[in-house]
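Q: These are the residues of each chain, in order.
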Amino acid sequence: MSNLVAISRSSLLTPFNVVAGIIVLLGLIITFLRFTQGLGAVTNLSDYNPWGLWIGFDLLCGVALAAGGYVTSAAVYIFGLKKYHSAVRPAILTGFLGYALVVLALNYDVGRPWRLPYPFIIQQGTTSVLFEVGACVLLYLIVLFVEFTPSALEWLGLKKARNLILRLTMALTFLGVILSTLHQSSLGALFLIAPSKLHPLWYSQYIPVFFFVSSIIAGLSMVIFEGSLTHRYFADKMDAIHLKEKEDVVFGFGKAASFVLAGYFMIKVFGIAMDNNWHWLSTSWGAWFLVELLGFVALPSLLYATGVREKNIGLIKWTAAWTVLGIVVNRLNVGLIAFNWHLPASERYFPHWMEIALSLFVVTVGLIVFRFIVTHMPILYEHPDYKTPHA
Amino acid sequence: METGFLTLQDFYTFTKGVAYLLVVVTLFGLAGYWLFLNGRDEDDRE
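Those protein sequence lines, which keep their order, are chains H and Y.
One rule links them: number in the working numbering = place in the first sequence (from 1) + 73.
One rule links them: number in the working numbering = place in the second sequence (from 1) + 356.
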């Protein structure tokens with residue numbers, strides 16, 4: 074008996090569990106401080122910088138990196154690329170958790186979070202881009218939840234309910250693509266209101282287009298990145314079909330990401346040309362802009378292309394991780410770094426350590442829930458009772 | 357360069373002109389890039 078207790082204790086004390094446990098504990102303490110002392114106690118937000126890390130990272134990056142759900146389901150169900158079917162469930166799960174965590178983080182960032190439903194029940198404010206973002210995120214979170222439920226229903230053995238939901242697959246996919254197109258671009262459109270605050274190299278009348286196109290890149294890269302991580306840590310949960318289709322997904326999505334990145338590079342150049350911002354490229358801000366444009370757009374596009382041509386799966390996986398980092402850099406540039414660029418250094422925003430710790434807490438919660446679901450539900454394998462094609 | 361335009365028309369003539377040139381570069385560039393991306397697949401099929 075004492076041996077069993079010792080074994081179960083040692084299996085709980087893995088490096089992941091220990092680190093995750095510490096971060097969650099810290100996150101809970103900050104949660105308590107945030108909701109008892111207010112935003113001022115745990116953030117460096119000010120009237121100049123009302124949007125900080127929780128918007129720049131948790132929301133802007135979270136939404137972009139959760140785009141794998143609509144990208145994959147559109148590829149499989151709308152464009153008929155059935156050979157990527159095994160990637161749908163992990164992508165939908167990542168998307169659902171991503172959006173759920175965005176909403177969770179928003180509850181910390183908004184001064185009075187209990188008023189989040191107000192735009193839907195008290196005052197619509199339909200002329201506001203933020204209303205459109207809020208409405209789409211709410212609706213898309215519901216869509217992703219419904220798209221995810223077949224896995225949970227198979228796990229719970231609720232066959233009839235699962236079959237009913239499966240009939241909605243096409244409708245949900247179309248709804249997901251429409252809602253994503255709307256709010257991914259609208260997140261960029263939010264910055265159209267601040268031409269004097271956002272640096273000219275990042276500000277453009279085409280910023281909604283930049284955000285939407287880069288979300289496709291983020292979605293494709295996240296599917297490859299997340300797929301390589303699950304293959305590494307959950308290979309025992311993957312069935313033969315998932316293992317067989319894995320390479321197709323990496324090469325197919327890598328090729329698509331390379332081409333979309335090339336297109337994105339060109340529309341970013343159009344952005345500079347249309348506002349005649351060439352002269353800014355020779356400044357220090359221009360150097361940082363070129364790091365983003367050449368290092369995180371042009372370079373991964375070429376690396377993806379090389380990986381696809383040379384059938385180098387390792388190169389494509391590393392490029393996916395680099396591209397995901399590039400999306401984070403872009404969103405942080407727009408949301409934080411190049412925002413209020415004209416202010417003196419003393420007025421510039423740098424996140425409080427508790428803001429960073431809480432963002433880590435949100436990501437860690439996502440990883441814990443992801444691990445629980447992948448371990449218990451048929452995400453990386455087909456449930457033995459449901460061997461027919463499923464969503 | 358940003359102070360080199362006397363009228364809004366001058367500005368648009370210049371920026372639109374650059375944009376049209378970029379359109380041509382993009383059309384041919386992306387078509388070529390697509391061929392480059394798929395080049396090995398075509399070779400394998402042959």
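Just to be clear, a hint being listed does not mean it is correct.
[To be verified] Quick list of the computed label-pair ranges, beta carbon to beta carbon: (1) H:S419 <-> Y:R396: 53 to 59 Å; (2) H:S119 <-> Y:N394: 33 to 39 Å; (3) H:H415 <-> Y:Q365: 26 to 32 Å; (4) Y:Q365 <-> H:L265: 20 to 26 Å; (5) H:I215 <-> Y:L383: 37 to 43 Å; (6) Y:D397 <-> H:P457: 34 to 40 Å; (7) H:I102 <-> Y:A387: 22 to 28 Å; (8) Y:N394 <-> H:Y459: 21 to 27 Å; (9) H:L416 <-> Y:Y376: 33 to 39 Å; (10) H:D312 <-> Y:N394: 27 to 33 Å; (11) Y:L383 <-> H:F218: 39 to 45 Å; (12) Y:Y376 <-> H:D312: 37 to 43 Å.
[Unchecked claim] These stretches of chain H come out as covered by chain Y in the derived footprint (C-beta under 8 Å, 3 or more residues): (13) 202-214; (14) 328-334.
Quick caveat, the hints were computed from the structure, so don't treat them as lab data.
Computed from a predicted structure; not experimentally measured.
Cβ coordinates follow ideal geometry from the N, Cα and C atoms, glycine included.
Q: Against each hint, give a clear statement of whether it holds in the structure.
A: Hints versus structure:
1. H:S419 <-> Y:R396: 53 to 59 Å: 55 Å, holds
2. H:S119 <-> Y:N394: 33 to 39 Å: 51 Å, violated
3. H:H415 <-> Y:Q365: 26 to 32 Å: Between H:H415 and Y:Q365, where Cβ atoms are some 29 Å apart, the hint holds.
4. Y:Q365 <-> H:L265: 20 to 26 Å: Given about 24 Å between the Cβ atoms, the range holds.
5. H:I215 <-> Y:L383: 37 to 43 Å: 40 Å, holds
6. Y:D397 <-> H:P457: 34 to 40 Å: Hint holds: Cβ distance 36 Å, inside 34 to 40 Å.
7. H:I102 <-> Y:A387: 22 to 28 Å: For Y:A387 against H:I102, whose Cβ atoms are near 56 Å apart, the range 22 to 28 Å is violated.
8. Y:N394 <-> H:Y459: 21 to 27 Å: 36 Å, violated
9. H:L416 <-> Y:Y376: 33 to 39 Å: 37 Å, holds
10. H:D312 <-> Y:N394: 27 to 33 Å: Given about 31 Å between the Cβ atoms, the range holds.
11. Y:L383 <-> H:F218: 39 to 45 Å: 42 Å, holds
12. Y:Y376 <-> H:D312: 37 to 43 Å: With a Cβ separation near 53 Å, Y:Y376 and H:D312 fall outside 37 to 43 Å, so the hint is violated.
13. 202-214: violated (count 0)
14. 328-334: Coverage by chain Y holds here, the residue count being 3 at a Cβ distance below 8 Å.
In this structure, the hints that do not hold are numbers 2, 7, 8, 12, 13, in rising order.
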